Amino acid sequence: MAIIVKLISDYAPWVYAACALVALWYLRVAVQARQERRQAAFSLEREAALNKTYQALNIGVFLLVMIGIVYFISHNLAAAVQPLVDAVVSPTPTALTLPTLTPTPEPATTTPTPSPVPTRKPTPRPTPTVLLSPTAPPIVAPRCPDSRARLLRPGVNEIVSGAVQIVGSAEAERFDYYKLEFKPSGAAGDPTFIVSSRQPVPSGVLGSWNVAGLAPGAYTLYLRTVDVTGNFGECSVQVQVNRP
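Every letter in the sequence shown is one number past the one before it in the working numbering, and letter 204, counting from 1, is 223.
No incorrect hints appear here.
Just the calculated beta-carbon pair ranges, DEER-fashion:
#, residue 1, residue 2, range
1, R162, T142, 56 to 64 Å
2, N70, R262, 20 to 28 Å
3, R53, Q184, 23 to 31 Å
4, A182, L63, 22 to 30 Å
5, Y35, D246, 47 to 55 Å
6, V159, I88, 43 to 51 Å
7, V214, N95, 44 to 52 Å
8, G205, W33, 31 to 39 Å
9, D105, R65, 53 to 61 Å
Quick caveat, the hints were computed from the structure, so don't treat them as lab data.
Predicted, not measured: the structure shown is a model, and the values here were computed from it.
Just so you know, even glycine gets a beta-carbon here, dropped at the ideal spot from N, CA and C.
Work the whole structure out from these sequences, hints included.
Below, the structure written as structure tokens:
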């Protein structure tokens, strides 16, 4: 325990710097979410932006608590456990008692008898085994019966990380807009807003989804295409988020 306290005290400046960088990042996320909330035309989009703001604030509070704990450990506990750390790092040397050496009389000189040299038999070498690399599973696009909203990538249960390019099509008669959303698979509540556009996409990139900040696991991605009358077509696909 004393060693852990010592390590936290030694690396406290790096912890402060890392917390500051993360706090700046989530401050940027909160500002962007606030702008999205002001520009949102629908209540669902405003709720998604508000959820992002709350998430950024919660992480900011967590970082403040972490900084406080590290500060307390480095300025209070470190001095208290310093004697224990010194005792572990620099133990008291124990004097070694060397035995008294008794001279051994030299044996009489003998004439060596030549020994027959054994014949070495060749050692069989094992045949190397060729290891075949596993074949990556094919990417299967989700089944989207509604032609107004179709997803091609990512595929069903495809492993994704970092910035994910979402490919598909979003078009309809009297097209109004389309939007991309996500939420953990099987979770209750509304999905989280990713991006929306008022330009139809016959086939191509619909948007980018950054999953770097998500916990690993299964997530469901939603594409919804809405026309001017409020009717919409929807397509969804489950993916596996994995941190690189």
